[in-house]
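Protein chains: 2
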Amino acid sequence: MSELASRASELDAADELAGLRERFVLDDVVYLDGNSLGALPAHVPGRVEDVVRRQWGELRIRSWDESGWWTAPERIGDRIAPLVGAAAGQIVVGDSTSVNVFKALVAAVRMAGEGRDEILVDATTFPTDGYIAESAARMTGCTLRPVAPAEVGPALSGRTAAVLLNHVDYRTGRLYDLPALTAAVHAAGAIAVWDLCHSAGALPVGLDEHGVDLAVGCTYKYLNGGPGSPAYLYVRRDLQDRFDSPLPGWNSHAEPFGMRPGYEPASGAVRGRVGTPDILSMLALEAALDVWDGVSVEAVRAKSLALTDFFLECVAAYTPAGRVESVTPAAHAERGSQVALRCDDAGDVMKRLIERGVVGDFRHPDVLRFGFTPLYVGFADVERAARVLGETVAG
Amino acid sequence: MSELASRASELDAADELAGLRERFVLDDVVYLDGNSLGALPAHVPGRVEDVVRRQWGELRIRSWDESGWWTAPERIGDRIAPLVGAAAGQIVVGDSTSVNVFKALVAAVRMAGEGRDEILVDATTFPTDGYIAESAARMTGCTLRPVAPAEVGPALSGRTAAVLLNHVDYRTGRLYDLPALTAAVHAAGAIAVWDLCHSAGALPVGLDEHGVDLAVGCTYKYLNGGPGSPAYLYVRRDLQDRFDSPLPGWNSHAEPFGMRPGYEPASGAVRGRVGTPDILSMLALEAALDVWDGVSVEAVRAKSLALTDFFLECVAAYTPAGRVESVTPAAHAERGSQVALRCDDAGDVMKRLIERGVVGDFRHPDVLRFGFTPLYVGFADVERAARVLGETVAG
Chain A
1 MSELASRASE LDAADELAGL RERFVLDDVV YLDGNSLGAL PAHVPGRVED VVRRQWGELR
61 IRSWDESGWW TAPERIGDRI APLVGAAAGQ IVVGDSTSVN VFKALVAAVR MAGEGRDEIL
121 VDATTFPTDG YIAESAARMT GCTLRPVAPA EVGPALSGRT AAVLLNHVDY RTGRLYDLPA
181 LTAAVHAAGA IAVWDLCHSA GALPVGLDEH GVDLAVGCTY KYLNGGPGSP AYLYVRRDLQ
241 DRFDSPLPGW NSHAEPFGMR PGYEPASGAV RGRVGTPDIL SMLALEAALD VWDGVSVEAV
301 RAKSLALTDF FLECVAAYTP AGRVESVTPA AHAERGSQVA LRCDDAGDVM KRLIERGVVG
361 DFRHPDVLRF GFTPLYVGFA DVERAARVLG ETVAG
Chain B
396 MSELASRASE LDAADELAGL RERFVLDDVV YLDGNSLGAL PAHVPGRVED VVRRQWGELR
456 IRSWDESGWW TAPERIGDRI APLVGAAAGQ IVVGDSTSVN VFKALVAAVR MAGEGRDEIL
516 VDATTFPTDG YIAESAARMT GCTLRPVAPA EVGPALSGRT AAVLLNHVDY RTGRLYDLPA
576 LTAAVHAAGA IAVWDLCHSA GALPVGLDEH GVDLAVGCTY KYLNGGPGSP AYLYVRRDLQ
636 DRFDSPLPGW NSHAEPFGMR PGYEPASGAV RGRVGTPDIL SMLALEAALD VWDGVSVEAV
696 RAKSLALTDF FLECVAAYTP AGRVESVTPA AHAERGSQVA LRCDDAGDVM KRLIERGVVG
756 DFRHPDVLRF GFTPLYVGFA DVERAARVLG ETVAG
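If you read the sequences in order, they're chains A and B. Once you know that position 131 of the first sequence is 131 in our numbering, the rest is easy, because the numbers rise by one and skip nothing. Once you know that position 259 of the second sequence is 654 in our numbering, the rest is easy, because the numbers rise by one and skip nothing.
Check before you lean on any hint, since a few could be wrong.
[Unchecked claim] Quick list of simulated restraints, FRET-style, between CB atoms: (1) D348(A) <-> T538(B): 28 to 36 Å; (2) H364(A) <-> R449(B): 25 to 33 Å; (3) G395(A) <-> E461(B): 24 to 32 Å; (4) M396(B) <-> R54(A): 30 to 38 Å; (5) E66(A) <-> D423(B): 37 to 45 Å; (6) A183(A) <-> T538(B): 39 to 47 Å; (7) R242(A) <-> A789(B): 48 to 56 Å; (8) D348(A) <-> E659(B): 24 to 32 Å; (9) A482(B) <-> D12(A): 53 to 61 Å; (10) S2(A) <-> D685(B): 48 to 56 Å; (11) D27(A) <-> E786(B): 57 to 65 Å; (12) G357(A) <-> D423(B): 48 to 56 Å; (13) P82(A) <-> E411(B): 51 to 59 Å; (14) A183(A) <-> A578(B): 54 to 62 Å.
If you are wondering where the hints come from, they were derived from the structure by calculation, not from laboratory data. Backbone N, C-alpha and C fix where the C-beta goes; we use that ideal spot for every residue, glycine too.
Isolated chain A (complex conformation):
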């Protein structure tokens, strides 16, 4: 056994989260793509079967009340809340991340008030955020300004209505300084909107503590909600009365079954709901959140950093010098829960890795992306992934 393999064994033996792996369905593959689609929690199939066979098949329409379907968006929001540092009553689940970015940005511009006609967006954002921000700007009479996150400070002005930022960059894995950037946005009198897709479930977010205004995120990465599971929207409690949704569907009405012709928004986070929630996907997510029982996000973060540190060390040891280059920051304060390696012919390399049982993903044009989900990835996985990578790029 190599020195690194021995180290991996010791690290796994000392890992207090190691037992959580039993909560998931996994096989012999090293699955480093949980930042794209989280693995299946073992108890989810049974819960989904109950939703389909009993709740839908037997109770049918009665389940809207009796099985708690109607209140699922806010109930599940309250399950996500502690994972992102939010008190209850501020998150609703539903729709896709893109749709929630639209709600959040339009509402942000409407909150920002007169004379503020610019939306700043992370220039290296996951594309959909930029596309949707462009539409939100167009439909609210604003101008969209893409800026590098490091240049947000100088770009802020009295014209800034809202700033849309990613907590962790989807490509590089860089973690941005949410507290400082939020404070800077607030100092300019603007609204801070954060996309948590690549941070929620992997590291502490502290939405309430840092005074974030609005946030969105998906649930199928580190929250393991299943393919295309619904996204969520956070609206800070003291802003909820001013949240003026561009998608005021009947589920956000103060009295949805009053069937009134005039719209009157509900109080609270429910105001962020739109239409009938997709119950099967939503209740699969609710079940998936059970894997967090007794797990602290701080412990997850500590293990995540240990995993990515160890991966970088193993990659340095196993790959020929200069063959791959990490584009993920070395500093812990700037690193999410993934490592992105720049590599010639990355697309082909990833194909070969997958054939050998190491699953990451390829991001155009030249990035190998490896996500580390501390709930089910161990140190032996990390050593094996780096070793197979070394053999693949050397071969």
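Based on these hints, arrange chain B on the given structure of chain A.
Leaving out everything else, chain B in the frame of chain A:
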């Protein structure tokens, strides 16, 4: 056996669709709420289990390609297409009806062109359509004018950009004249947007034949897709290049995995997609559509009218004169697949009906609503429902 019960037996014996009931999970209840939530098709639980255990649990991220997840929105759209009289390539599935109304109306205003600044909406519409239309009007600089469907003709003018109408009224069950109203909208140079929630799967719609521009609908009523299953959007083929979505998420990009900062819309109906599709709900719907194999919508419509005719006859025979009054038109050309009865203390009456195994629903303030899904409702069900209703309102 009463004369009506005998007639019911004869009608069931002669019903060529009677065998379809075997395709569903049903019990001793008379389920007349399929216009709210369709019953569970018998093979859906097994298919959902495969999606969860094998596609998600074993193949994980590979399923986006290997299990056809990525193309599900347009593939399932093509399954719905023949049910609403559309050729392939014009429907995508995803998001809620409310979100699709927003896409359709904003896109309609943008197609309508300069000088057209009014949106007409059915004044008795299901509320969410009106709320969303108000938002679409606000965000496109239009005025929203609620009008009774009978007054659409006189209300149309050179200022009309778009008209949003329901094919069947959710409360009264009235069927509107889609061909004539669409022609009138076109004669005024405006865009016709139809909400098919209460008609698709119950009667022929003829989208292509009648030149409808845009249409939306849900899939959890007569299409039996499951609670909150995703809605769909129809964009007529020759309008697709002009469809300018207010929700241009990355799934609608010409090259979604190119991760390009600039938005360039895909060709075709795919342009109506937004974010990552909710795969569990979506593939449950796909499975549910199998119950339509070998079934013609025309045969379904013929049985639907026979069921509602017979229900009205039984209600007249079994209920004290004047105790209930149908608000659903008697003329076949004006009747959807439901019967709505105005009734004092309708809320209480519906509660008692449900206790006795006859499930319809109550719509504020005084309507008993009974939906007839010809795929699984028979004539004996109809006779029993009317008989129990008669006993309930007499008691």
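When the hints from earlier in the document are held up against this structure, which numbers fail?
1 and 5
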